[in-house]
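Note that the protein sequences, when read in sequence, are chains A and B. Using this note's numbering, you'd call the opening residue of the first sequence number 1 and step up by one each time. Using this note's numbering, you'd call the opening residue of the second sequence number 1001 and step up by one each time.
Hints should not be assumed to be uniformly reliable.
[Stated by the list, open to error] Derived contacts from chain A toward chain B, CB cut-off under 7 Å, selection only: (1) A64; (2) G91; (3) T114; (4) G116; (5) T135.
[Unchecked claim] Take a look, some chain B residues computed to stay more than 12 Å from chain A by CB distance: (6) D1006; (7) D1052; (8) K1100; (9) E1108; (10) E1127; (11) R1146.
[Said to hold, decoys possible] Each computed BS3-like pair below joins lysine-lysine, with the alpha-carbon atoms no more than 27 Å apart: (12) K1109(B) x K1145(B); (13) K1145(B) x K1013(B); (14) K109(A) x K38(A); (15) K1013(B) x K1109(B); (16) K122(A) x K1013(B); (17) K1013(B) x K1100(B); (18) K109(A) x K1113(B); (19) K1100(B) x K1113(B); (20) K109(A) x K122(A); (21) K1147(B) x K1109(B); (22) K1148(B) x K1038(B); (23) K113(A) x K13(A); (24) K109(A) x K147(A); (25) K113(A) x K1113(B); (26) K113(A) x K1122(B); (27) K145(A) x K122(A); (28) K145(A) x K38(A); (29) K1113(B) x K122(A); (30) K1122(B) x K109(A); (31) K1122(B) x K1038(B); (32) K1109(B) x K100(A); (33) K1109(B) x K113(A); (34) K1122(B) x K1109(B); (35) K1109(B) x K1038(B); (36) K109(A) x K145(A); (37) K100(A) x K1113(B); (38) K13(A) x K38(A); (39) K1038(B) x K1013(B); (40) K1148(B) x K1109(B).
These are computed hints drawn from the structure, not numbers from a lab. Note that the coordinates shown come from a computational prediction; the quantities given were computed from them, not determined experimentally. From the three backbone atoms N, C-alpha and C, an ideal C-beta is built for every residue, glycine too.
Below, each chain spelled out in residue letters.
2 protein chains.
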Amino acid sequence: MIEPFDDSYFMRKALEEAQQAFEEDEIPVGAVVVSNGKIIGRGHNMTERLNDVTAHAEMLAITAAANYLGGKYLRDCTLYVSLEPCSMCAGALFWTQISKVVYGAPDEKRGFKTFGSRLHPKTQLIEGVLRDESTSLLQAFFRSKRKK
Amino acid sequence: MIEPFDDSYFMRKALEEAQQAFEEDEIPVGAVVVSNGKIIGRGHNMTERLNDVTAHAEMLAITAAANYLGGKYLRDCTLYVSLEPCSMCAGALFWTQISKVVYGAPDEKRGFKTFGSRLHPKTQLIEGVLRDESTSLLQAFFRSKRKK
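Same shape as in the complex, but just chain A (with noise of 0.2 Å):
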């Protein structure tokens, strides 16, 4: 059976945020939140153009999802994220009990699995989903910032 909104689906759609902060010049992370198949919160890293390190895909998107649901937990939501979140943004994760995470590429120099911060006991992991796209987007951003 075909799924239509399957992981890679979600998470091409988390890219399209990513494409979205390359666009502005940002580090290229994207994150949705997606409740009963539907996409609830939305972010693209914005650290720069807020000057504010806390603006990270993922932080913008919990938010978002919180402020539509009207309240804090996100236990029936999965959220996608091109790159494997940080300590900060795994911590907000664990926070909001969150059913699932699902990542592209790895970040194992600032990554929450080598790097320190754990998720809810409740969350289930998924990693790699669309890898190479997400780290392809990553390589593109820094070779154009080194040309620069």
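The hints should help you fit chain B onto chain A, whose structure is shown.
Using the frame of chain A, we list chain B on its own:
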């Protein structure tokens, strides 16, 4: 020599923010960011009012300070917070490269020191300033909740 603006002085300002949270029926945690002896950012826990797990005192104070400075790094600043930061807040503080973090009461269950995450290697950490005042306020809050 008397130092009027020492760590206790600014922690008292953080506790005033915590008291404000208490009055708004939020877990009473408060924070201020100080640069050159001046408070440039304040915040108290607003997770209930904003329905947003990311609205911790530290996060709001960091965002306010960065907004004041017009830059996302808080390299010559000190954050005073009445309770040990959680993983999310420690992760945010890491990104700011803040010079110094001073906290009041330890949080053995959810504090970053036991739970995970870490501060920036350049960040000096001071613990236990006005610890008893902070603990008393938290205890009074949870006592009042149990009565309801």
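Quick rundown of the hints versus the structure:
Given hint, A64(A) at the interface with chain B, is violated; its Cβ is 10 Å from that chain's nearest Cβ, farther than 7 Å. Checking G91(A) against chain B by beta carbon gives a least distance of about 3 Å; that is within 7 Å, so the hint holds. With a least beta-carbon distance of about 11 Å to chain B, the hint placing T114(A) at the interface is violated under the 7 Å criterion. For G116(A), the suggested interface contact is upheld, since its CB lies about 4 Å from the closest CB of chain B, less than 7 Å.
Taken as an interface hint, T135(A) does not check out: its beta carbon lies about 22 Å from the nearest beta carbon of chain B, beyond 7 Å. Against the 12 Å criterion, D1006(B) stays outside the reach of chain A, whose nearest CB is about 27 Å from its own CB. Listed as a non-interface residue, D1052(B) fails to keep its Cβ farther than 12 Å from every Cβ of chain A; the least gap is roughly 5 Å. No beta-carbon of chain A is positioned within 12 Å of the beta-carbon of K1100(B); the least distance is around 17 Å.
Listed as outside the interface, E1108(B) is consistent with that label: its C-beta sits roughly 16 Å from the nearest C-beta of chain A, beyond the 12 Å cut-off. The non-interface label for E1127(B) is consistent with chain A: the shortest C-beta to C-beta separation is roughly 18 Å, beyond 12 Å. Residue-level check passed: R1146(B) sits 21 Å from the nearest beta carbon of chain A, beyond 12 Å. Taking the CA atoms of K1109(B) and K1145(B), the gap is about 19 Å. The hint holds against a cut of 27 Å.
For the proposed pair K1145(B) and K1013(B), the alpha carbon gap of about 25 Å is at most 27 Å, so the pair holds. Taken as a hint, the K109(A) and K38(A) pair is broken in the structure, with Cα atoms around 32 Å apart against an allowance of 27 Å. This hinted pair checks out: K1013(B) and K1109(B) have alpha carbons roughly 25 Å apart, not beyond 27 Å. For the proposed pair K122(A) and K1013(B), the alpha carbon gap of about 37 Å is over 27 Å, so the pair is violated.
A hinted pair counts as satisfied when its Cα atoms are at most 27 Å apart, and K1013(B) with K1100(B) qualifies at roughly 16 Å. For a cut-off of 27 Å, the pair hint linking K109(A) to K1113(B) stands: about 20 Å separates their Cα positions. Distance hint between K1100(B) and K1113(B) is fulfilled; the C-alpha atoms sit about 16 Å from each other, no more than 27 Å. Note on K109(A) and K122(A): the hinted pairing holds, with a Cα-Cα distance of about 25 Å set against a maximum of 27 Å.
Taking the CA atoms of K1147(B) and K1109(B), the gap is about 23 Å. The hint holds against a cut of 27 Å. Pair hint K1148(B) plus K1038(B) does not hold up; C-alpha atoms about 39 Å apart against a cutoff of 27 Å. Using a Cα cut-off of 27 Å, the hinted pair K113(A) and K13(A) holds, with the two alpha carbons roughly 24 Å apart. Straight-line distance between C-alpha atoms of K109(A) and K147(A) comes to about 23 Å, which keeps the hinted pair within the 27 Å bound.
As the CA atoms of K113(A) and K1113(B) are separated by approximately 16 Å, the hinted pair is consistent with the 27 Å bound. Between the alpha carbons of K113(A) and K1122(B) the distance comes to roughly 22 Å, so the proposed pair stays at or under 27 Å and holds. Restraint check for K145(A) and K122(A): not satisfied, since their Cα atoms lie roughly 39 Å apart, outside the 27 Å limit. Proximity of K145(A) to K38(A) is assessed by CA-CA distance (about 35 Å); at most 27 Å being required, the pair is judged violated.
For the hint linking K1113(B) to K122(A), the alpha-carbon distance of about 22 Å falls within 27 Å, and the restraint holds. Restraint check for K1122(B) and K109(A): the C-alpha separation of about 17 Å stays at or below 27 Å, so the hint holds. Taking the CA atoms of K1122(B) and K1038(B), the gap is near 21 Å; set against the 27 Å cutoff, the hint holds. Taking the CA atoms of K1109(B) and K100(A), the gap is near 23 Å; set against the 27 Å cutoff, the hint holds.
Proposed proximity of K1109(B) and K113(A) is supported: the alpha carbons are some 20 Å apart, at most 27 Å. Our distance criterion of 27 Å between C-alpha atoms is met by K1122(B) and K1109(B), whose separation comes to about 25 Å. Distance check on the hinted pair: K1109(B) and K1038(B) sit about 32 Å apart at the alpha-carbon level, beyond 27 Å; violated. A hinted pair counts as satisfied when its Cα atoms are at most 27 Å apart, and K109(A) with K145(A) qualifies at roughly 19 Å.
Our distance criterion of 27 Å between C-alpha atoms is met by K100(A) and K1113(B), whose separation comes to about 25 Å. Of the supplied pair hints, the one linking K13(A) and K38(A) holds, its CA atoms being roughly 11 Å apart against a limit of 27 Å. Taking the CA atoms of K1038(B) and K1013(B), the gap is near 11 Å; set against the 27 Å cutoff, the hint holds. Using a Cα cut-off of 27 Å, the hinted pair K1148(B) and K1109(B) holds, with the two alpha carbons roughly 24 Å apart.
Taken one by one, the earlier hints fail for this structure at numbers 1, 3, 5, 7, 14, 16, 22, 27, 28, 35, listed in ascending order.
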